[in-house]
Every structure is written in C-alpha cells, then in structure tokens.
Amino acid sequence: MEHVVIIGNGIAGVSAARHIRKLSDKRITLISAETDYFFSRTALMYVYMGHMKFEHTQPYENWFWKKNNINLLNAFVTNVDVENKILKIANSTDVSYDKLIIATGSKPNKFGWPGQDLKGVQGLYSKQDLDNLEEYAPNKEVCKRAVIVGGGLIGIELAEMLRSRDIPVTFLVRESSFWNGVLPDGESTMINEHILEHHIDLRLSTNLKAIIDDGNGKVKSILIEETGEELPCDFVGLTAGVTPNINFLEDSTIETGKGVKVNRLLETSCNDIYAIGDCAEQRQPIGNRRPVEAVWYTGRMMGETVAQTICGNPTEYKPGHWFNSAKFLDIEYQTYGWVFGKKGRPEYEAQFHWRHPNEKVCITLSFHKESRQFLGINTFGIRMRHEIFDRWLTQSKDVDYVLSHLADANFDPEFYKKYETSIVAKYNSDFQKNLKSRKKSIKRIFQFN
Amino acid sequence: MSNYDRSMALTGQPPVSLSTNQKLATLVGMFGLAVLLLAAFNINFPNKTLWLTIALSSIFSGTIWFAWDAYLDKAPGIKNDGVWFKSISSRGLWGWVAGIALTGFYIVLYFFPEYLGLVKDGDNKGVIALFDPLSKALSGNPASQWFVYGTLYTVAILAFGIKFLWKYRHNKYERIRTMSVMFFQTAFAFIIPELMARLNGSSVLNGGSLPYYDLKNIWPLNYYNFEGYRIKSFVSSGDIGLALLLFGIASIFIITPILTYRFGKRWYCSWVCGCGGLAETVGDPFRQLSDKSQFAWKVERWVVHSVVVFVTLMTTAVIYSYLGNDTSKYWLTKPSFLIGVATLLTAVFVWAMVFKRNQLQKDAKYGAVGYFVIIMSLVAFHFLSGEGQVFLFKSETLRKTYSFLIGSIFSGVIGTGFYPIFGNRVWCRFGCPMAAILGFQQRLFSKFRITTNGGQCISCGNCSTYCEMGIDVRAYAQKGENIVRSSCVGCGICSAVCPRGVLKLENGPLEGRIDSNQVLLGNDVDLMKLVNQK
Ligand SMILES: Cc1cc2nc3c(=O)[nH]c(=O)nc-3n(C[C@H](O)[C@H](O)[C@H](O)COP(=O)(O)OP(=O)(O)OC[C@H]3O[C@@H](n4cnc5c(N)ncnc54)[C@H](O)[C@@H]3O)c2cc1C
Ligand code: SF4
Ligand code: SF4
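Protein chains in written order, with the numbering used here: chain A, -4 to 444; chain B, 111 to 644.
Quick caveat, the hints were computed from the structure, so don't treat them as lab data.
Just so you know, even glycine gets a beta-carbon here, dropped at the ideal spot from N, CA and C.
Check before you lean on any hint, since a few could be wrong.
[Stated by the list, open to error] Covered by chain A, according to a simulated footprint, are these stretches of chain B (three or more residues, beta-carbon under 8 Å):
1) 228 to 239
2) 583 to 591
3) 609 to 622
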C-alpha cells in the first residue's frame, strides 16, 4: 500500500491527511515535533489569557486519529533523502515514504538584532513559545515590563495577552501607523487609538536597536534605534512577521527560495514531493496574492487540493476571492476582495471610507476608478456575510450596487445597530450620488425566488 | 505545564485577583447570606420585615457591586480573561465548595423543609418564618419552602441578570434576551401566581380555588399540570379556571410549535423559561464546564429521550387513572383518551418518518424504538389495568417516582447544585423533556439555524468551549456547515465569543438550512464539487 508521509501536523498537513483518508485507504503518517495532536495555533492567545485550556484548542478528540487510521509520529525530521525516499529523524530510525508532503509551517522572523537569542526573548508561534511565555511573563511581578517588536497581527495579539495579566507593554512599531502597510490610513488610525485605550505604550516609527543581557543570559532592557533610549524590561516579544520553516531542507535537492518552491499542482522540484501551507512558495503568484501565504485558510485549501492530486486526480491550487479576518483587541476586522493600504495600492483603485463619529466602527470599500467595479471591503466592528461578498465579487457588481445592498451583507447578531443609512449618506455626499439604502431581503440573501 | 499562579487564593495575580471593591462587595453579599443562614438555625430576628429586607438587599447589592467593579471600567467586549484560572469557574476548590453547598441546599429544600423552619400546622419557624411577611403581602398566606426558594431564585436571576447585562453590554442580542428572562421570572413565576392566589375563593372563580400556576411553565416541564387535583381546581374555578386549563393544553400543542417553527426553541429556553433564566444568569460563569465529547452527546440523547418517554407515559397514566369508562358522565373516557394519545403520537411519528427521514438518519431507529415502547405501553395500560392501577404499577407510584427522580433529583439537586462541576445546563441538556420536544421540532421543522460564515473559521475553539449545551460548534463551523442541533438553546454566546465573526443565529428559509455539502467559500469551486462528491 502506498505510504504517504506528511511532515507537519498543522492545519495544512491535517487537512491533507483527512482528505486523503476520505478519498483512499493509503497508509498515512503525520509527523510533528511540536505536539502529539493537532491544535489550533490561532488559539494560543486564548490559552494564556485563560479563556481556554490547551486541550480546547484541539479540534479533534484524541481517538479521532486512530479511528481514521492516521498514524501520528512525534519526531523531528532532520533531512530528506530524495534519492532513496527516506526521511532522517533526530535520535530515531529513518522513515521511508512513497509520497511526501512538506507542511512545516513558519517560524518567527529574527533580523539579527544583538541579543535576539537571550532568555526572555521569543516569538509567538509554537506551543513551546507559549510555555516559555508562562515562564518569563507569568505575571506582573516577574515581568515588570514587556516590549513587543513588530506591529502586525501577532504583535497586537501578544500585547492583548500580556495586558490581560496587567503587565505593562511597550509596543514598538516600525511603521508610522499600526499595520499601515496593509490597512488604509483611516482604519490604521482608528486602531492606533484603540491600542492606546488599552493602556499599551504604542511607539510608532520606532525600531529596535539591541537587546541587552543582564549578565546571566537573560534580557535586562532594550535599546531604541531612533532615540537611543534604554528601556528596562523582562520580556521581549519578536513579532515582525514569519518565514517558512524549511532549514531542515538545506542539504536536500528540493528547490527552495523563501519557501519550498511549488507549481500550481503544489508539486516541488522533486518527484512525489509536495509542499503546502505556510512553507510553500508559489513559483507564479496567483492574482494579487503573495507567493508565500501565511494564513490559516490557504493552508486548509492547499491541504484539500493536494489530497486530490495524490489520490489520482491532479488538481491545481485555485483559491477563490481573497478573504481574511482578525481581531484587534476588542475590534473585529474582516476583509473580502482587495483593499490596499497606501503602500502598493494599484493606481486604478479608488476608496470610500466611513467611520462612526464616536464608536470604533468603520469600513473602507475599494473600487475601480473608471469602471466603478467593486474590488473589496474592509470592515471594523461590523460583521459581513462571506457568501454575499463572494457572490458580488464573482458577479463583478459595481460599487453603487454594493452600497445600496449593504444590508444584505450584514452578519452582525440580531438586534444590533445598523449603520447602512449613515454609510450611504456619507457616500452620497462624497461622490455626489443619490443612492438609497435598500432593506435587507431574505430572498436575495438566500437566493430563492 | 504553566507556572501561572494557580493557588486557590482569591487574591492572586490579575486577571484572577479581587479588587478592594470586590472584596467589600463579597463581604456585603456574604452578610446577607449569613442572616438567612442564622435564621435557618432558628436565631429569632425581632423585626422580620426589616431583616428580610436587609438580607435580600445585601445579597442583591453585593452581587451587583461586584459585577460593577468587574466590568464597568473595562472597554465593552468579551470578558473571559482568567476563566480557566479562577478556582470557582474551573472546577477548582471553590467550585467544589460551591457545588457541595448548593447541592446540600437542594437536598434540604426538597426533602427536609422542616430544617428550614416549615411547620405544617401552626406558625413557621426559622428562615421560612423570615419570609412570612413578604408572602403575606403578596398572596395573603404564610410562606412555604417554595416561596423562600422562589424569592431567592428571583433575586438571583435579577442580580446576576444585571451582572450579565454589564458583561455583555456590547451585545444587544444578549441584553434583550436577558431582560426577557428577568421579566418572565419576576412577573410570571413570582408575582402573578402569588397574586392569583388572592382570587381563591372569590366570586370571580365561582368560589373555587386555582392551583399555583406559573403560566410560562409548560407541560412536560411542568409535569404535574394535568394531575387530577389541578384539573379539579381548574374546572371548579369558573371561566378563568377553564381558560387556564385550555391555555395549558394550547401552550404545548399550539403555541409552542408555532413559536418554535418561527424562532427555534430559543424563544423558550433562553428567553422565557425559568430554569433557562437561572442557567443564563447565575450559571453563566460555569458554561464552559459542559462536556463536549461525542460520548457525552450520545449519553445526552439516550437520557433526555428516555425522560420524554417516561413523562409521556407517566402523564398518560395519571390522567388515565382519574378518567372514567362511562361516556354519559364525561365525554373523555379511559379508552378514548388512550386512543387519542396513540393517534397523536402516530401522526407525529409517521410525519417524521415520511417527510424527514433523510434528516433523521441514524436517529430514526431510536425514534422508532421510543415510539414502539410508548404504544405498547398504552396497549398494556388498557389490558392490564385494574382500579387505580395502571399496567403493573399504581399510577401514583409512577408519578411519585418521576417527581422524585426527575422533578427533584435531576432538575434540582444535579441540575442546579452541580452548576460549578458539570456546567449550567446539565438539566436542560440531559434531563428536560420540554427541551427535548422543542429540540425535536427545532431539528426537523423550524426556520432557526446558526449560519456559518463561509470559510472564515480558524478552528480556535472559543465557540465550543463556551457552548453551555456541550455542542461542538467548531466541528460544524470549520467545515462551513450550518449548526442545526436539537439541543441548541440559542443563547448566542458562541456567536458572541467567536473572534472572527463566523456565527450568526438567524431565522431563514427551511430550504438549504441543513446543508452538509456547504461550499467552503474562498475555495476553488471545481474543487469543492469534487470534495462534496460522496
Ligand atoms: C499566534 C498566531 C495567530 C494566528 N492567527 C491567525 C488568524 O487569525 N488567521 C489566520 O488566517 N492565520 C493566523 N495565523 C497563521 C496560521 O496559524 C498559520 O498560517 C497556519 O497555522 C499555518 O499552518 P501550517 O499547517 O502551514 O503550519 P504549522 O501550523 O506551522 O504546522 C507545521 C508543523 O510542522 C512542525 N514541523 C516543522 N518542521 C518540522 C520538522 N523538521 N520535523 C517535524 N515537524 C516539523 C511544526 O513544529 C509544526 O507543528 C496565526 C499564527 C499565529 C502564530
Ligand atoms: S450552539 Fe451557540 S447558541 Fe446554541 S446553545 Fe451552544 S452556544 Fe448557545
Ligand atoms: S469561535 Fe469562531 S473561529 Fe473559533 S472555532 Fe468557533 S466558529 Fe471557528
């Protein structure tokens, strides 16, 4: 029986394993050096904050794997012998494979800062990182101040985590406004304000220069590049993005760039070896997407796709319309289609922005300057219906249509305040239009007539 | 393992530690409880009205002071920091202490009310006597253990209801729902029945007297509603009595199905019901303790449906036992009643099997077994019953057993006493026959569902963790499937705690409601066609 070996039991590897099992009775082995069972990395923060126990982050009960005949192996792969189809395992015997899927995910970026490997300095990615965090920042007595370096999604999660235990947090952000490489200005500004509301010491346009040793190999303070200020701290969180976790492939013949290079079938340069999830790098970027996509959903989709290919049904990876979501402290964020920040905004993209006068709620719509085709939406503090935006993007609706039918797309819980009229009024005044906000229609939403 | 301070001291590190305000608030609340406890130990308080007011207001204000300090200086949003670190909410020592204390209280309440000071003939003593003035002011009668319990129950729902309103002040669904349960508890369960008692013996009731009737308490939750003595009182109380009796019947056969069809069973379980009201307010800190395993789900289905079978048989037996055989005396006779019950059950059974077969899948088998058991028992009733005797037991024995096992032990002692151990909806999930019947309808014939927002789920598990009914919400959400589960009480917390806006409780068309082949959006459409091929 063909033996499929998957390195990495994250969402990508697990999706692949589950779908291969659905489609076939191949032998499947899932290897990971991190934890015995699959858990949701995105939920690590809730464990530290006490919302959940670690076991709650595991989407499947422990009996699931045996019942579905998926072998689990807790081991670290040190090398891939492509010629002989063998994996070298640290301190253990080799594992041979017929088909190999590399799904090893990412690791936190470290940009060669002095002191970056001291104790109390770490990223937030793995279960081990969580354990270390409990060691170095268990409470505000042990950790009198924490510094977070890098203003992205993981940075703000880490800030929220530490604040839940009342630990003072200084947040160093290289950009002039939070995450404004991705978010348009209005939104980024609103998040800045919200970060301050949570008593986080936000330092914009500020870079880390060095991390200082206390003499015992542990962090004592950090130096700030711009001002030279020395900031005493007991913990430094490095959250300036992630890179594919593929060091163990250095000696193999598999072609790598930033990640493992794959074609649209998710095949690597070597026969019978595939790569999926955070660690895969598309040779040809797809649409506006980046060649390496480090998000949950794409890992899942690639896993589903590669399962088809491996089970004799070669299938290209063709993700649909882009979407994503996150939460900035108390503010939920969703995005559908493409809305660009200042940096990298295509010249054809025009935007419409609305913000509530006193609540932390705002949206930005992007559309094509000439054709007025709707391109995408960012929402903060309003939930939107994925299905509707997916449909509107597929049907290339124009921005007027989208705005006047916005009520159909609202996904907030029942009885929530509605903002559509106010949004449309602002649009009318910005663009000298005379749109009316149409009432929500169950018929349109569920498409039955 | 983490070395976060998990000591049981309430004064640990944030987010577990108590502020000065909270310590004082705890003291105030404890003082109120202490007064009641002292009264229970027969300390005679001179001015009962005054001391009762002091006790209840201390409990009430202590609770809301505590909550005020916990939530009001924080930004609105999800407030679950430290839930699994706090001993009370994570089955720690305080959780067990609270569980044992509550359980003890229920045992005394149900089985040894004399320890609370109940005196059958003569003046009450102890804590019950403390409540006499209030009871007399409302209904004109001295208090009973049930009046004491009802008052404390209402105070608890109101105080913890306010806490809940503050905790979820960003969420209007939660707020409106909570105001609703607070209203129904205070008006329908507490005040109206007491006031109704004032009518007893009056000419409006033709001199009859009505049984205690909480109008929102519907059979089979209110399993005794159709017992002989109640029917007699209803019938003897003029038009009002008859109207109430008809209302009781209409509640379960007409009103309930219509509302459940339109809104799902949440209209009752988390908007109206008193058990639900307590679970959602006082029980809110314990919702994460429910068991999410598939094994628990299996147990749930067996146990709760057995209770439905039990209550149906018990009620049938009780009614059967007081009906006659002679049509000239009363239109409803023993045989015609049995035939009526059998016909109704058969109609429901056939409808489900014919029209909803594909949605029932494996459960159909169990449904058939349950149906078969009931019908055979009905036949047995007919052939094996003698005077006052149904089947082999006295109907009275059946009734008493139900009342003891289900009415007292399950819904009270285990259902509420064990909040801090098994979570706040143990009764609603495993025991409540009303919930099971509403659930059956919710699953098969209702517009309600929890819509999953396309492909947005990140499998974090917040929804499953905080589902008080132990539904593994994530298992559906991460596949892009809607959640249509008979046990869902529509509390809306899964939707509230979801950090990605994945879940929405809504009423929509029946068509496409349960869509297990939901396309995971964002994916390639052709791929999803393949994935969904069975
Ligand atoms: C804190 C945090 C929050 C996040 N929140 C979101 C979010 O809200 N939304 C979103 O879309 N994305 C989010 N992400 C990103 C998302 O979690 C990742 O994109 C996703 O988990 C990647 O899945 P994967 O299967 O590719 O890899 P991973 O989940 O990283 O799994 C790879 C596994 O392989 C193991 N492994 C690696 N090398 C070896 C080896 N040589 N031998 C054995 N085992 C090995 C690793 O230990 C790991 O267990 C978040 C990430 C983090 C860290
Ligand atoms: S599924 Fe959601 S709404 Fe239903 S009971 Fe569970 S938490 Fe409440
Ligand atoms: S809380 Fe939301 S994102 Fe998390 S598992 Fe549930 S549905 Fe998915």
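Do the hints match the structure? See the list:
| no. | hint | result |
| --- | --- | --- |
| 1 | 228 to 239 | violated (count 0) |
| 2 | 583 to 591 | holds (count 3) |
| 3 | 609 to 622 | holds (count 10) |
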